[in-house]
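Novice: Residue numbers (my numbering), protein chains in the order written: chain A, 1 to 289; chain B, 290 to 625; chain C, 626 to 971.
Note that these hints are calculated values from the structure, not bench results.
Predicted, not measured: the structure shown is a model, and the values here were computed from it.
We treat Cβ as the ideally placed atom computed from N, Cα and C, and that holds for glycine.
Please note that a few of the clues may not be correct.
[Unchecked claim] 27 angstroms max Cα-Cα, derived BS3-like pairs, lysine-lysine:
#, chain 1, residue 1, chain 2, residue 2
1, B, K569, A, K32
2, A, K118, A, K89
3, B, K292, B, K470
4, A, K67, A, K89
5, B, K569, B, K388
6, B, K475, B, K292
7, A, K259, A, K17
8, A, K133, A, K118
9, A, K67, B, K475
10, B, K296, B, K470
11, B, K388, C, K663
12, A, K89, B, K388
[Said to hold, decoys possible] A short, non-exhaustive set of chain B residues, derived as facing chain A with CB atoms under 10 angstroms:
#, residue
13, G567
14, K569
15, N571
16, R572
17, R574
18, A577
[Unchecked claim] To spell it out: a stretch of chain A is covered by chain C in this simulated footprint if at least three of its residues, at any positions, have a beta carbon under 8 angstroms from a beta carbon of chain C; those stretches are:
#, region
19, 23-32
20, 122-134
If you want the building blocks of each chain, they are given just below.
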Amino acid sequence: MSIPVAGRESAIVLDLKGVTIHDDVSDRELVKGVTLQLKRGGVLGIVGESGSGKSLTCRAILGILPKYIEVSGGSITLLDRDISELTPKEWTQLRGTNISAVFQDPASYLNPSIRVGKQVQEVLRVKAGLSRKESRKRTIELFHDVRLNDPEYVFQQYTHELSGGMLQRVLIAAAIALEPDILIADEATTALDVTVQAEILDLLGELKVRAGLSLIVVSHDLAVVAQLCDEVLVMKDGAVVEQGSTRDILYNPQHEYSKLLISEHDLYGLERFLYVPEDELEQEQLRYA
Amino acid sequence: MVKTTLKLRSAKIAVAMIIFIALITILGPFIAPYDPLANSADALAAPSAAHWLGTDYLGRDVLSRILAGAPLSIGSTVLVAVIALVFGAIPGILSVYLKAGFEWISLRIVDTFIALPFLVFAVATTALLGNGILQAMIAVGLLVSPLFYRVARSATLSVANSQYVEAATLAGATTGWIVRKHVWSKVLPPISISLATTLGLGLIVISSLQFLAIGVQPPTPTWGGILASDLGYLQQQPYAPIYPTALILITVLAFNLLADAIRDAAGESGRTLIGSKGAKANRERRLAARGDYGNALVNSTEGVEDAGFPDSAAFAESTAGSENTAYPESTEKEPV
Amino acid sequence: MTASTVAPTTPLTGGRAPVGTKNIVWHRAQRVFLSVWKPISIFIPVFILGSFFTFGLGAISGRSPAALQLGDAATPDAVAALNHQFGLDQPFFSRYFDWLGALLSGNFGNSWVNGVPVIKLLGDRAAVSLSVAGLALLIGVVFGFIFGSIAAQFQTRWPDRLITTGTTIISVLPPFVVGIALIAVFSIWLRLLPAVGFVPITKGFWPWFSHLILPAIALSFDTVSDVARQLRTGLVSVYRENYVTGAVVRGLGPRRVFFVHVLRNGIGPALSVLGLKFPALLGGAVLIETIFGLAGYGVFAAQSAVSGDVPSVQAVLVISIVLVVVFNLLVNIILNRLIPSAARGV
Chain A
1 MSIPVAGRES
11 AIVLDLKGVT
21 IHDDVSDREL
31 VKGVTLQLKR
41 GGVLGIVGES
51 GSGKSLTCRA
61 ILGILPKYIE
71 VSGGSITLLD
81 RDISELTPKE
91 WTQLRGTNIS
101 AVFQDPASYL
111 NPSIRVGKQV
121 QEVLRVKAGL
131 SRKESRKRTI
141 ELFHDVRLND
151 PEYVFQQYTH
161 ELSGGMLQRV
171 LIAAAIALEP
181 DILIADEATT
191 ALDVTVQAEI
201 LDLLGELKVR
211 AGLSLIVVSH
221 DLAVVAQLCD
231 EVLVMKDGAV
241 VEQGSTRDIL
251 YNPQHEYSKL
261 LISEHDLYGL
271 ERFLYVPEDE
281 LEQEQLRYA
Chain B
290 MVKTTLKLRS
300 AKIAVAMIIF
310 IALITILGPF
320 IAPYDPLANS
330 ADALAAPSAA
340 HWLGTDYLGR
350 DVLSRILAGA
360 PLSIGSTVLV
370 AVIALVFGAI
380 PGILSVYLKA
390 GFEWISLRIV
400 DTFIALPFLV
410 FAVATTALLG
420 NGILQAMIAV
430 GLLVSPLFYR
440 VARSATLSVA
450 NSQYVEAATL
460 AGATTGWIVR
470 KHVWSKVLPP
480 ISISLATTLG
490 LGLIVISSLQ
500 FLAIGVQPPT
510 PTWGGILASD
520 LGYLQQQPYA
530 PIYPTALILI
540 TVLAFNLLAD
550 AIRDAAGESG
560 RTLIGSKGAK
570 ANRERRLAAR
580 GDYGNALVNS
590 TEGVEDAGFP
600 DSAAFAESTA
610 GSENTAYPES
620 TEKEPV
Chain C
626 MTASTVAPTT
636 PLTGGRAPVG
646 TKNIVWHRAQ
656 RVFLSVWKPI
666 SIFIPVFILG
676 SFFTFGLGAI
686 SGRSPAALQL
696 GDAATPDAVA
706 ALNHQFGLDQ
716 PFFSRYFDWL
726 GALLSGNFGN
736 SWVNGVPVIK
746 LLGDRAAVSL
756 SVAGLALLIG
766 VVFGFIFGSI
776 AAQFQTRWPD
786 RLITTGTTII
796 SVLPPFVVGI
806 ALIAVFSIWL
816 RLLPAVGFVP
826 ITKGFWPWFS
836 HLILPAIALS
846 FDTVSDVARQ
856 LRTGLVSVYR
866 ENYVTGAVVR
876 GLGPRRVFFV
886 HVLRNGIGPA
896 LSVLGLKFPA
906 LLGGAVLIET
916 IFGLAGYGVF
926 AAQSAVSGDV
936 PSVQAVLVIS
946 IVLVVVFNLL
956 VNIILNRLIP
966 SAARGV
C-alpha cells in the first residue's frame with residue numbers, strides 16, 4: 001500500500017552525517033554534528049537529558065523543525081534521498097507512508113474535537129485511498145493490534161475520555177497504519193506510569209518484529225532504551241558523547257556522562273523493567289568484570 | 290512602566306498627538322475667531338482668509354465651531370472613561386476578594402452588559418432619562434465598564450492565585466503590603482491599556498450620540514453634530530466632513546497607539562519581536578559566512594519567513610512564537 | 626498486511642471493560658444534553674437581567690403616557706385615569722411581571738404616543754432592518770472568514786501584515802465616517818448608487834439591492850474586522866498545537882490539515898463574536914439608518930426614546946436581548962458540537 005520509493009530495499013534506511021542544527025534566535029548551535037545510521041529492521045536508541053538535542057534531531061529527520069531553527073550543516077539521507085531536496089509535497093507523501101512518529105504527551109497529538117477512531121481512519125482514507133467501510137474495518141484491526149481493549153468503543157471516543165496509555169496506543173496505531181519503514185518514538189513512554197510504560201515498550205518491540213519497522217527510540221531513561229535497542233547514542237549538550245552497541249555502553253561505558261547515567265540508574269532506576277533476564281545480566285556482568 | 294513605554298517611537302507619536310488634542314480642548318473656546326453660534330449671510334462658503342475652513346449652511350464659521358466643540362467632545366469622552374474605570378475596575382477587584390454572592394451577581398450583570406447591543410441601549414437610556422450630556426456620559430460609561438471589570442478581575446485573580454502571594458501571606462505579609470507590592474504592579478498595566486482603548490472608543494460613541502443629536506442638541510457645537518449637519522450638504526461641500534473626521538481619527542488613533550505601546554512595554558511581545566528580527570539577521574550572517582545563501586533552505590518545510598512586522602499589538606502577540614506571552618489571561622469562561 | 630491477522634500474544638491491556646452499544650448511546654445522549662444545557666444555563670440570567678434593566682429604565686425615566694397625550698394642562702383626575710388605563714398605578718414588581726408575561730405571549734403593549742400596538746409599528750420596519758442586517762452579516766461573514774484565513778495561512782508575511790493593519794484601521798473607523806465616505810464616493814462622486822431610502826424587494830431585486838448595499842457595507846465593516854481578527858487569532862493559536870504537528874507527521878497535506886484540523890478548533894472565537902454581532906446589527910444600526918435615511922429599528926428606538934414612548938423603546942430593546950440570547954445559544958450549541966472537549970466543564 002505504501003508508495004515504493006527508490007532504494008526501499010537498501011539496508012540503511014536512515015543516514016545522518018555530521019548534522020548540525022542552528023537556532024537563529026539565540027544564534028547558537030543546538031546540535032553539533034550527529035552521525036548515525038539506522039539499518040532496516042534495526043532499533044536505535046538516543047539517550048540524553050532534556051535539552052541535549054535528541055528531540056531536535058528527530059524533528060530534523062521528520063522535517064518539522066520549529067521556526068528559526070534549521071539544519072545548518074551535514075546531511076540527512078532518508079531512504080536514499082537527501083531530505084534537503086524534498087519539496088513540501090514530497091514531504092507530505094513521505095510522512096506517514098515511509099516515516100512516522102509518536103511523541104510524549106499523546107493527548108496533545110490527537111485532535112480533541114474528532115473521535116480518535118476517525119483520526120486513524122482519516123490517514124487510511126486520505127493516504128491509502130481506502131473506502132469508508134474498509135478504513136473503519138482496518139482501524140478496528142489496528143486498534144486490536146495495538147492491544148486496545150474493546151476497539152469499537154474506543155473508536156468513537158474523544159481524547160479527553162481516554163487515558164494516556166490508551167492514547168499512545170491510538171497514536172501508534174495511526175503511525176503504523178500505512179506500514180512505514182521508520183517509526184520514531186520520541187519520549188513516547190515518558191509521561192506514562194511504569195506498568196503502562198513497560199506495556200508500550202513491549203508493543204513497540206513486537207510491532208518491530210511483526211511489521212518490519214526500523215525504530216528510533218528516544219528517551220532520557222536508559223532502561224527504556226536498554227529494553228529495545230541494539231545500538232545507543234548518548235547525547236549531551238547537542239553533541240554525541242558515546243555511540244555503540246547497547247551492551248558495550250551499558251556494561252562498559254567510556255564517557256563520564258554515560259557512566260553517570262548508568263550509576264544513577266543503579267541507584268534510582270527500575271531494573272525490574274529491564275528486558276534482560278536476571279541470570280543473563282549476571283553473566284554479562286561477570287564477563288565484563 | 291511609563292519610562293519604558295515612552296522609549297517606544299509609537300508612544301512618542303501618540304503622546305504628541307494627545308498633547309495637540311488636549312491643547313485644542315483647553316484653548317479651543319478662547320482662540321475661536323468667531324462666535325460659533327453666530328449666523329451670517331455667507332453660507333456654505335469655501336475656505337478663505339476670513340474663514341480658514343469656510344462656513345456651514347447657516348454661515349457659521351467652521352473653524353470656530355470645531356474649536357468651540359472640542360471641550361464637549363473630548364471632555365465627555367474623558368469623563369466616560371473615568372466613569373467606566375470607577376464602575377468597572379473597583380467591582381472587578383472586589384469580586385475576587387468579596388465572597389460568592391457579590392461575585393456571582395456582578396459576573397451576571399457584566400455578562401448582560403456585554404451581551405446588550407451597545408449603541409441602541411446607550412441611545413435609549415440617554416434619551417429616556419432626559420436627553421442630557423450627563424445622562425449620556427453615565428449611560429455610555431456604565432455600558433463600557435465591563436471591559437475594566439474583566440481586566441481588573443483577571444489581573445487580580447492571577448495575583449491572588451499566584452504562589453508568590455501565597456508565600457508572602459505565609460511569611461506574614463499584610464494584605465495592604467501585598468496589594469502595594471504585587472497587585473498594583475500587575476493590575477496597573479492592563480488597566481492603563483484598557484483606559485487608553487476606552488478613550489478612543491469613547492470618543493467614537495460620544496461623537497455618534499452627538500451625530501444623532503442625543504445628549505446634546507443643535508445648535509450647540511460638537512464634532513459629531515458638525516458632521517451631522519455636513520451630511521446634508523455633501524453635494525455643495527463634499528470636503529466639509531474631513532475636518533471633524535480628522536480630529537476624531539487623530540484622537541482615536543493616538544489612544545490606540547498608546548494602548549499598543551503600553552502593551553508592548555508591559556508584555557513579552559516587544560522582546561519577542563526583537564527576537565524574531567534578530568533571528569533573521571543572525572541567519573543572514575550565518576549563511577553569508579558559509580557563502581551559500583542560494584542553497585539556504587535546508588530542511589525546513591516552512592522556510593524562514595520575512596520577519597518584518599506592523600505595529601499592531603494583536604500582531605505582535607501572535608508572532609511571539611511558541612512561548613506564551615505575559616498577558617493576564619482571563620481564568621474564567623467567556624459569557625458566550 | 627499480515628500484521629493485522631496475527632493474534633495478540635499478550636493479554637489485552639490498556640482498556641476498560643468491554644462496553645455494549647447501549648452504553649455508547651447513553652454516552653452520546655449525555656454529551657448532547659450537556660452541550661445544550663450549559664449555554665442555556667448561562668443565558669437565562671442574561672435574559673432575566675436584560676429584561677429587568679429594560680423595564681427598570683422605563684420606570685425610572687419618569688415618563689408617562691399622560692405627559693405625552695394630555696400635555697401640561699392635564700387635570701390630576703385625567704392623569705390618574707390614564708395611568709390606571711396603562712396599569713401604571715400598580716407596584717413596580719407586579720408591573721414588571723405583567724409586562725414580562727405579556728411579552729412572552731407576544732404582546733408588546735400600545736404606543737404611548739398614538740395608541741397603536743407596538744407590534745404593528747415593528748412589523749412595518751422589519752423588512753428594512755432584516756434586509757440591511759442580513760446583508761451586512763453576510764458580507765461580514767464571507768469577508769471576515771476569507772481575510773482571517775488568509776492572514777493565518779500567511780502568518781507574519783505580507784498578506785498577513787496587510788490584513789492585520791487593514792482590519793485594525795477599519796475597527797477604529799467610526800461608522801458615521803464610513804457611511805459619509807461611501808455616500809461621498811459612490812453616490813455623489815461616481816453617481817453609481819442611491820444615497821438614501823429603501824425599496825421593498827417586491828419592486829425588483831436591483832432597486833432593493835442598490836439601496837441596501839451601501840448601508841450594508843458600512844454596517845459590515847465592524848463585523849469583517851472583528852471576525853477576521855478573531856479567526857486569525859484562533860487559527861494561529863491552533864497552528865501551535867501539537868495535534869497539528871501530529872497530523873503533519875501522519876502525512877496529511879496542508880489543505881487537509883487546515884480544513885479538517887485547524888479550522889474546526891480555531892473557529893470558536895470568530896463564531897462567538899458573530900453571536901454578538903447580529904443583534905447589534907439589527908438594533909444597533911441607529912447611525913447607519915440615520916445616515917442612509919432608512920426607517921429601521923434603530924432609528925425607531927431613538928425617536929421613541931426622545932419622545933418618551935416607553936413601550937416602543939422597550940420593545941426594540943427586548944427584541945435585541947432575545948436575539949442576543951437566541952443567537953448565542955445557537956453559536957454555543959454549534960461550538961459544542963464542533964469542539965466537544967470544550968463542553969465538559971470549564
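Novice: Each hint should be assessed against the structure and marked as holding or not.
Specialist: Quick rundown of the hints versus the structure:
With a C-alpha separation of about 21 angstroms, the suggested pair K569 of chain B and K32 of chain A falls inside the 27 angstroms cut-off, and the hint holds. Of the pairs offered as hints, the one joining K118 of chain A and K89 of chain A holds, with about 24 angstroms between alpha carbons and a cut-off of 27 angstroms not exceeded. The suggested pairing of K292 of chain B with K470 of chain B holds, with an alpha-carbon distance near 19 angstroms, which does not exceed 27 angstroms. A distance of roughly 19 angstroms separates the Cα atoms of K67 of chain A and K89 of chain A; the hinted pair therefore holds under the 27 angstroms criterion.
Of the supplied pair hints, the one linking K569 of chain B and K388 of chain B is violated, its CA atoms being roughly 51 angstroms apart against a limit of 27 angstroms. Restraint check: the Cα-Cα separation between K475 of chain B and K292 of chain B comes to about 17 angstroms, which is no more than 27 angstroms; the hinted pair holds. Only pairs whose Cα atoms come within 27 angstroms are accepted, and K259 of chain A paired with K17 of chain A is accepted, the gap being roughly 26 angstroms. Proximity of K133 of chain A to K118 of chain A is assessed by CA-CA distance (about 12 angstroms); at most 27 angstroms being required, the pair is judged to hold.
At roughly 31 angstroms between alpha-carbon atoms, K67 of chain A and K475 of chain B are farther apart than 27 angstroms, so this suggested pair is violated. Restraint check: the Cα-Cα separation between K296 of chain B and K470 of chain B comes to about 25 angstroms, which is no more than 27 angstroms; the hinted pair holds. At most 27 angstroms may separate the alpha-carbon atoms for a hinted pair to count; K388 of chain B and K663 of chain C meet this at roughly 24 angstroms. Between K89 of chain A and K388 of chain B the alpha-carbon distance is near 58 angstroms, which puts this suggested pair outside the 27 angstroms criterion.
Hint on G567 of chain B holds. Least Cβ distance to chain A is approximately 7 angstroms, under the 10 angstroms limit. Nearest Cβ of chain A to the Cβ of K569 of chain B: about 7 angstroms, under the 10 angstroms cut. The hint holds. This hint holds: N571 of chain B has a C-beta 4 angstroms from the nearest C-beta of chain A, less than the 10 angstroms allowed. Against a cut-off of 10 angstroms between C-beta atoms, the interface hint on R572 of chain B holds, since the closest Cβ of chain A lies about 4 angstroms away.
For R574 of chain B, the interface hint holds, the least distance from its beta-carbon to any beta-carbon of chain A being 8 angstroms, beneath 10 angstroms. The beta carbon of A577 of chain B comes no nearer than 13 angstroms to any beta carbon in chain A, farther than 10 angstroms, and the hint placing it at the interface is violated. Proximity of the region 23-32 of chain A to chain C, defined as three or more residues with a beta carbon under 8 angstroms from a beta carbon of that chain, is not established by the 0 residues found. For the region 122-134 of chain A, the stated coverage by chain C is satisfied: 4 residues place a CB nearer than 8 angstroms to a CB of that chain, which reaches the threshold of 3.
Hints 5, 9, 12, 18 and 19 from the list above are not met by this structure, while the remaining hints are.
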